[in-house]
Structures are given as structure tokens and as C-alpha cells.
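Participant: Sequence:
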Amino acid sequence: MQRLFTSLFSLMFSFLAFSVSASGSIYLMEGEAKPVVTSQAIDTVFISDPSVADYQVIDRTKIVVFGKKIGTTSLMLFDENAQTLVSKKLVVNQSFDEIIQQVRLHFPRSNVTVSNIGKQVVLKGTVATAAEKDGINDLVGELLSKDVEKTTHVWTKDEGEDEVIDFMTKRKYAGIVNQIEIAMTKQVNVKLSIAEVSQSFMENFGVQYGSAGRTAGVFVNPIFDFSANDLLATITAVGDDSIGQILAEPNLSVISGESASFLVGGEIPVVTVVDGGTNVQFKEFGIRLDMVAKVLRDDKIKLSLQPEVSSLDTQYADELFSLPALKTRRAKTTIELGNGQSFVLAGLLSSEDVELLRKVPYIGDIPILGSLFRHTETSRNKTELVIVATVNLVKPVEPSQVQLPSMIRTYNLSRYLGISNDYTPLVEQRAHDILATGGFKK
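Numbered according to mature numbering (1 follows the signal peptide of the UniProt record, and there is no 0), the sequence shown spans residues -22 to -1, 1 to 420.
No lab work stands behind these hints: they were computed from the structure. Quick caveat, the model's predicted, so the values are computed rather than measured. Ideal Cβ positions, reconstructed from N, Cα and C, are used throughout, including at glycine. Treat the hints with care, since some could be wrong.
[Said to hold, decoys possible] Under the rule of at most 27 Å between Cα atoms (straight-line distance), these lysine-lysine pairs were calculated in the DSS-like manner: (1) Lys278 to Lys150; (2) Lys280 to Lys373; (3) Lys12 to Lys67; (4) Lys278 to Lys128; (5) Lys102 to Lys47.
[Said to hold, decoys possible] Now the in silico label distances, taken between C-beta atoms and shown as ranges: (6) Ser93 to Ser239: 38 to 46 Å; (7) Leu230 to Gly254: 38 to 46 Å; (8) Lys148 to Gln80: 14 to 22 Å; (9) Gln79 to Pro28: 30 to 38 Å; (10) Ser237 to Lys373: 18 to 26 Å; (11) Glu120 to Asn59: 52 to 60 Å; (12) Leu274 to Lys150: 15 to 23 Å; (13) Gln72 to Arg275: 25 to 33 Å; (14) Ser26 to Gln79: 27 to 35 Å.
Make a model of the complete structure from these sequences and hints.
Facilitator: As C-alpha cells, this is what we get:
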């Protein structure tokens, strides 16, 4: 009985070994060897392209195949009756052992494999951040000496010159397929507050921006004893538009490595005449924000901002015609901040001098005596644009955690007397949290 089971087991093992090795593919690295075993004696070995892979006979039922160069060839084994024992495809790939070691050395927390399909190198796995994904892609591309094509984000200026954002440069290497996935894509929320204040208000507040050596659109000294939110709260609490007012508070969220823009305003037509023909172009004005953001290692956020505030200028208008013109104040900066940090950008000054003359027709033109029938006014207004930005790493909330603001009906008498039974501090705090996070939670 024991001999019977032993014979049946040997027969089944031989049948499985023959079935597995009879068809399919054998994958080899350059210089790698693998055995091929048959259940019957081998009489003839055929390889279609010996320059890709070759073989060595071990005994009557076993040979060893080994890869010589990258490519594909066919292996066929025959018995003494010319019956096919094995018919396989031999695929020889490039060895990536050293490259995988370098990836693990530089990015120990990553789980990435490097393989190739034909002449294409495939990167697969999961990493924690986009910076790791780009770093592994660059490392493999440089180690393999692949041709690189650089793409980056470009800001187009009105003057026609393009500005390249260097830290947004991405490299695409020829022959590398990057299929690395990010465990959780980082999203950056930028809350921007743009305020226009009088210069006297800024001086009284304790910050002087007009000192020598500073130019418009640069960072300012720290505001001692005040935070960025305190500055905006003070402007709002004053309640006098002639002293200061909040022009806009855009709240933008963007995926790391992408761009976002914001515009509140309009477009004015600009008519030009070229070779007797009329051409109409529309130019944007209002409050505009262009930004690009990228999350670096250790949750540091690199941010490039280009805020702009423009308004129509009517000083060239009269009763007969008006020339379209814009008063524009813009800033541009690239900074690196931590999660939850803020910065203040200021120094964008605007000065308006208005002279007004009223007189009685004809009589007011008489020298000396006409001064009794004339009235003149001169007003000067200097304002400064203050931009406060706060950046946070955010993620979308679950549907069950969404808090919707509720509308509460009030009456003139209750508002006049300051009476409100329904509007509790808790409700007010929830509404403030929703608006402050822009629909996201940290």
C-alpha cells in the first residue's frame, strides 16, 4: 500500500512539473540563471536567439537557462521522438538590484518596486508625500541616465514676459513609467485677507512701513504684541471705511503641486486700431489672486503668491471722451511656511491728489475780483494695501461631519436692544469655524 501511494505521488509530481514547465514564460535578469526540469529525457534544445539567452545541459532531464542581454526569445525542448516537452518564452530584463538598494537607502519609508516591461521601466508602490514620489522618480531617472524633459508652472505677465516658478518644476524621464501612488494627497488651504488702510492708521497701530531700505511688496518687521488676525480684527472693529476696510477675503484650497486663481471684478474693453482695422481686447480688473503651492518634507509648505488689486482710473475722462485706465497694485512673493503659520505683506502705497475748482461763469475769470466768485479744494489721500495670508494643511470632511450654517430670523427691535434668545455663543462659534476653514477640517 505504501509503495502504491509513493508511486501515485511521484506520478502526480511529475505531471505537475511537466504541466507547469510546458508552457508560459520565464523571466530572467541579465546574468541570472534558472533551471528547467522535465519528467522525460531531453534529446534536443532549441533557442531562437542565443544572443538574448542561452542554456547549459545539466543531465538528461534538466537544463539551466541564463540571460545575456535585454530582449525576448523562445525556448523549446524535444524528446527522442521529436515530441515537444517544453515551449516557453524567455524574457530577459535589466537588473535593478542596485537601484532598488539606492531607493531604499534614500527613502527608507517608501514601498516601491522597480521593474521593466520591454524597454519601459515601471515604478510601482505607495509613498507618503508627493515629494517622495518626485524624488524617487528623479533618482531612478538619473541613475539610469535617461533623457529628461522638464515642465514647470509659468506666470504670464501683462508686459508679455513669462516667469518660471522653479520649485514647481517636474521632470519626466524617457522610458520611465511612474505609477507610484500617494497614500493621502496633501491639500493646502490659503486664507487671504486683503485690507486697504490709511497710512495714518498704520502709523498709529505701531508699524511703520515706509522706512528707508524697504520697497513695495516685501516682508515687514514682526508686529509686536499683535498677530495677523489682531490686525484684521482691529480694522474691522474700527468700522470707518475712511480709515480701513477689508476688500476681500478669498479662501482657496489646492492640491500640492497645482495652481489656483481667484478674481472678483470685471473686464473693460480696450480698443486698438491696427492697419485701419479695429481690435477689441478685454482687460481684467478687480481683486485677483494667483497662487501655486507645494508641500515639502516635514509638512513645510512652499507657496508662491501673486495678489493684485486694480480699479478704474477716471482722471483722463471729460465730457467728450474717456480713455480706459487702471490703477493697479500688485505684489509677488515666494515663501516657505509651516502648517498654520501666517505672514503679512505690505508696502503697496497709493496716493491720490484731487484739486477742485468751482466758479461763477465769466465773473470768476476776472483777475483779483474773480476770486470772490471762485472756490477751490485740494484733498490728498494716501492708502496702503495690507495682505495677510494663513496657510493650513487640510483634508475633506466626512459627510457625517458636515456642519451646515443655520439662518436665524431677527427683528429690528431685538437688534436695536441687543436681545437674541436663539443665537447662542455655541452657534456663533460653529458658524465661525465653518467660515474660517473654508469647508475643510485640519
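Participant: Does each hint fit the structure? Answer for all of them.
Facilitator: Evaluated hints:
1. Lys278 to Lys150: Distance of about 24 Å is within 27 Å: holds.
2. Lys280 to Lys373: OK: Lys280 and Lys373 at ~18 Å, within 27 Å.
3. Lys12 to Lys67: holds (13 Å)
4. Lys278 to Lys128: Given pair Lys278, Lys128 holds - Cα atoms ~24 Å apart, limit 27 Å.
5. Lys102 to Lys47: holds (24 Å)
6. Ser93 to Ser239: 38 to 46 Å: holds (40 Å)
7. Leu230 to Gly254: 38 to 46 Å: Taking Cβ atoms as reference, Leu230 and Gly254 lie about 44 Å apart, which means the hint holds.
8. Lys148 to Gln80: 14 to 22 Å: Once the Cβ atoms are compared, 21 Å apart, the range 14 to 22 Å for Gln80 and Lys148 holds.
9. Gln79 to Pro28: 30 to 38 Å: holds (31 Å)
10. Ser237 to Lys373: 18 to 26 Å: holds (20 Å)
11. Glu120 to Asn59: 52 to 60 Å: holds (55 Å)
12. Leu274 to Lys150: 15 to 23 Å: Holds, since Leu274 and Lys150 (Cβ atoms, about 20 Å apart) stay within the stated range.
13. Gln72 to Arg275: 25 to 33 Å: holds (30 Å)
14. Ser26 to Gln79: 27 to 35 Å: Given a distance of about 34 Å, which is inside 27 to 35 Å, the answer is holds.
Violated hints for the displayed structure: none, as all numbered hints are satisfied.
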